[in-house]
Amino acid sequence: MIFSSIEFLLLFLPIFLLCYRLSPDKIKNVVLLAGSLIFYALGEPRYLALLMVSILVNYITALHLEQSARQKGKDKRQKKSKYEKRRRRLFFAAIIGNIGILIFFKAVSGEAELPLGISFYTFQMLSYLIDVYRGEQRRETSFVRLATYVTMFPQLISGPIVSYGEVRDSLQRRKFSAETLEEGMKVFTVGLTFKVLLADRLGLLWHDVQVTGFESISTPLAWLAAIAYSMKIYFDFYGYSLMAVGLGRVLGFELPENFRMPYMARSVRDFYRRWHITLGRWFCRYVYIPLGGNRMGELRTVCNLLAVWMLTAIWHGGTANFLIWGMLLWLLIVFERQLSALGFDRIFQKGPLKVIPHLYLWIVIPVTWVCFAVGDVSQLQIYLGRMFGTVEAVSVGAGDWAKALQNYRYLLGIGVIACTPVLQKGYKRWKDNIFCKLILVTLFWLCVWRLQVEGQNPFMYFRF
Amino acid sequence: MKFWKKWSYLILMAAAGFLYLSCVDKWQVYAKPLEQVKALYLELSGKNGDYVTEESGNGASAGSDSMPEQEAAEPVQSGTEPGMEPGQSDAEEGQTGNSAGQSETVPGQPGQETTAAGEEAAEPVYTTVEDDYFADAVFIGDSRTVGMYEYGGLENVSTFYASTGLTVYKLFDSDIVQVPGQKKKITVEEALQQNSFAKIYLMIGINEMGTGTVETFTEKYREVLEHLQELQPDAIIYIQAIMKVTTERSNQGDYINNEGIIARNEELEKLADNRKIFYLDVNPLICDETGGMVESYTFDGVHLKAQYIQIWKDFLKQHAIY
Numbered sequence: 001m002i003f004s005s006i007e008f009l010l011l012f013l014p015i016f017l018l019c020y021r022l023s024p025d026k027i028k029n030v031v032l033l034a035g036s037l038i039f040y041a042l043g044e045p046r047y048l049a050l051l052m053v054s055i056l057v058n059y060i061t062a063l064h065l066e067q068s069a070r071q072k073g074k075d076k077r078q079k080k081s082k083y084e085k086r087r088r089r090l091f092f093a094a095i096i097g098n099i100g101i102l103i104f105f106k107a108v109s110g111e112a113e114l115p116l117g118i119s120f121y122t123f124q125m126l127s128y129l130i131d132v133y134r135g136e137q138r139r140e141t142s143f144v145r146l147a148t149y150v151t152m153f154p155q156l157i158s159g160p161i162v163s164y165g166e167v168r169d170s171l172q173r174r175k176f177s178a179e180t181l182e183e184g185m186k187v188f189t190v191g192l193t194f195k196v197l198l199a200d201r202l203g204l205l206w207h208d209v210q211v212t213g214f215e216s217i218s219t220p221l222a223w224l225a226a227i228a229y230s231m232k233i234y235f236d237f238y239g240y241s242l243m244a245v246g247l248g249r250v251l252g253f254e255l256p257e258n259f260r261m262p263y264m265a266r267s268v269r270d271f272y273r274r275w276h277i278t279l280g281r282w283f284c285r286y287v288y289i290p291l292g293g294n295r296m297g298e299l300r301t302v303c304n305l306l307a308v309w310m311l312t313a314i315w316h317g318g319t320a321n322f323l324i325w326g327m328l329l330w331l332l333i334v335f336e337r338q339l340s341a342l343g344f345d346r347i348f349q350k351g352p353l354k355v356i357p358h359l360y361l362w363i364v365i366p367v368t369w370v371c372f373a374v375g376d377v378s379q380l381q382i383y384l385g386r387m388f389g390t391v392e393a394v395s396v397g398a399g400d401w402a403k404a405l406q407n408y409r410y411l412l413g414i415g416v417i418a419c420t421p422v423l424q425k426g427y428k429r430w431k432d433n434i435f436c437k438l439i440l441v442t443l444f445w446l447c448v449w450r451l452q453v454e455g456q457n458p459f460m461y462f463r464f
Numbered sequence: 001m002k003f004w005k006k007w008s009y010l011i012l013m014a015a016a017g018f019l020y021l022s023c024v025d026k027w028q029v030y031a032k033p034l035e036q037v038k039a040l041y042l043e044l045s046g047k048n049g050d051y052v053t054e055e056s057g058n059g060a061s062a063g064s065d066s067m068p069e070q071e072a073a074e075p076v077q078s079g080t081e082p083g084m085e086p087g088q089s090d091a092e093e094g095q096t097g098n099s100a101g102q103s104e105t106v107p108g109q110p111g112q113e114t115t116a117a118g119e120e121a122a123e124p125v126y127t128t129v130e131d132d133y134f135a136d137a138v139f140i141g142d143s144r145t146v147g148m149y150e151y152g153g154l155e156n157v158s159t160f161y162a163s164t165g166l167t168v169y170k171l172f173d174s175d176i177v178q179v180p181g182q183k184k185k186i187t188v189e190e191a192l193q194q195n196s197f198a199k200i201y202l203m204i205g206i207n208e209m210g211t212g213t214v215e216t217f218t219e220k221y222r223e224v225l226e227h228l229q230e231l232q233p234d235a236i237i238y239i240q241a242i243m244k245v246t247t248e249r250s251n252q253g254d255y256i257n258n259e260g261i262i263a264r265n266e267e268l269e270k271l272a273d274n275r276k277i278f279y280l281d282v283n284p285l286i287c288d289e290t291g292g293m294v295e296s297y298t299f300d301g302v303h304l305k306a307q308y309i310q311i312w313k314d315f316l317k318q319h320a321i322y
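Sequence lines, in order, name chains A and B. Take 1 as the starting number for the first sequence in this note's numbering and just add one per residue. Take 1 as the starting number for the second sequence in this note's numbering and just add one per residue.
For reference, chain A alone in the conformation it holds in the complex:
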């Protein structure tokens, strides 16, 4: 089940919230766990068992992973090292097991066949195991609490990737009040609007270009569509993350934010500190820093970055185009590191030159997104060729880009504004204003209406 569906918005969510509200605090976790499992099963009943078994095994494993502080007696040292060895072996077995399942499904089944949310919940479980092993988190003795953490429906399917420490206290005791409910629903509404009214509709321009065929688009249209796709993927994912954070707040959790104005970044490095923050954080904590991070010389740092970006690409899908995407980002990041080592940063700090890093970002990021979007490498070559005018076009429609701009100018305009901090500042300032509330309410039901129209007629957009 996805958030932007009539079944979720008008059936699941109200019914669940009612049950959740009415249930006493003691069993709120059980209600949330049950609700989340139903939520998962409604989307994909087949892999519910896999999810449950995976949680159970990891729960038991983690119970044995904790460093024992109670080792006493004369043969303490020997015992401890024996215990340590066993703990270590168990730890590696658990890591390999979890990753093995993920790789198995990624390799065997296509991206569409993947068990729902497996990339996300596997990473979440791994973070828990590693934290317990390192002694950064105490093991969780309650199965219900651990299972609630992993399956909690706001973040089960597409993140954010929450670490256990962030919700541990809330799982014990949390507030479910009118304020959090209202705050959460407002954030949820903003996310829903981004998804339904911006992402889905900007995506149509990208779809149009695919129907036309990349050989037959003009260079300006290739850029326009790449920009539209860049916005679509942002509002799609950002909208989803906002919905997750909002729902989390409704339930009484503080989920971590996943995006922080990425298109306002001034370098690719900066961009990926603002984009899908919880994934970047995961790789930083559990791969980059254990490998040595940037503390072991430039060459080693570059290699560590390569490892991180390889893994990021594989995590996203592992097909050739994702590898190209990851390697391109790696190259750009290495390039930026060298530039800033040479002191170029300072030149672009002040004055009118400040705009150059922004322009650079707005040019390179759409190019990387095209690599992300086009699965077929020969098609990707054609698209990039059209962007840079190196591939001859076949039967291009005259003024195709002007037509597209004409059709999508308002959407693109709103999208650009929504990428800047303007909206967020306005929201922060006026969110308690009655007019702002009215606008949000209207947007919510507008989204519902759009979803219904599309639901009744799936070819609303794709009529022939």
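These aren't lab readings, by the way, just hints derived from the structure by calculation. Fair warning: this is a prediction, and the values are worked out from it, not measured in the lab. Keep in mind that the hints are not guaranteed to be accurate.
Pairs of lysine to any residue, SDA-like flavour, derived with a Cα cap of 25 angstroms [stated by the list, open to error]:
#1 B:Lys32 x A:Ile2
#2 B:Lys5 x A:Arg429
#3 B:Lys2 x A:Leu181
#4 B:Lys170 x B:Asp281
Have a look at the derived ranges for each label pair, beta carbon to beta carbon [unchecked claim]:
#5 A:Phe176 x B:Trp4: 16 to 24 angstroms
#6 A:Leu22 x B:Val37: 15 to 23 angstroms
#7 A:Lys82 x B:Val37: 54 to 62 angstroms
Using N, Cα and C, we set each Cβ at its ideal position, and we do this for glycine too.
Go by the hints and put chain B onto chain A.
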């Protein structure tokens, strides 16, 4: 006041929801699942038998209610059906038999046409032409024709009355024709009254597959042809076979499938009289051995990519009537 302050957003949300569901949705969101639950409950709770008889009783009474209508519609159907079968089998044998079948399937046509049918037994003679042939042509159709307009290179030569989602049912009433210098668009009907054309190309029929049957579609198409002839008595009309979709798209399980397209095309072929109305089928040129559109020619399985529109255009240029 405090209560309002605390709950204002949710109250607004619920109020707006109430308004929306009452006015727009008529509470269907909840009514439908409730009915399903009720049906399930009745089925499970041993009332099974009663429920079914009740239902069938309903069905029967509903049926008898609509009987008169059906009877009214019947003559048309029974009139077409006997003629259809020989027509179909003949179609496989050749054009000659087809047009013979044609004369039977069109009971409503004037007698002179039926006698003329004998003369048109000969196959139409197509010639190859240049782009200027299309100068006095109008292309009417759905998004496929829009594709021809955008990428066929005829946008400055011919006239296009095409719009995404156009169907035979709304063909004349759709406001899709842009008049130079005017903001408001006019309908195809008005446009055809104001302009005259020597050739009319029709490519329409894929959007209609979700509604009605092959018969209702064919009937409507026939009406469209008759009305077109009234509006443009001198024009040659080309009925273009509905382009097939890829086999993959066809197997997706919704109403868009090649079996349906083939069934409709067979009927469309019979509407041609090879005198003023001709049937052109580009499908053999754009389909592979699986019988669907070539995968590499399309992204969505339905529309030719811009560069392959040329195949279609060349086909039309090679199948022109003077």
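Query - Numbers of unmet hints, in rising order - result: none
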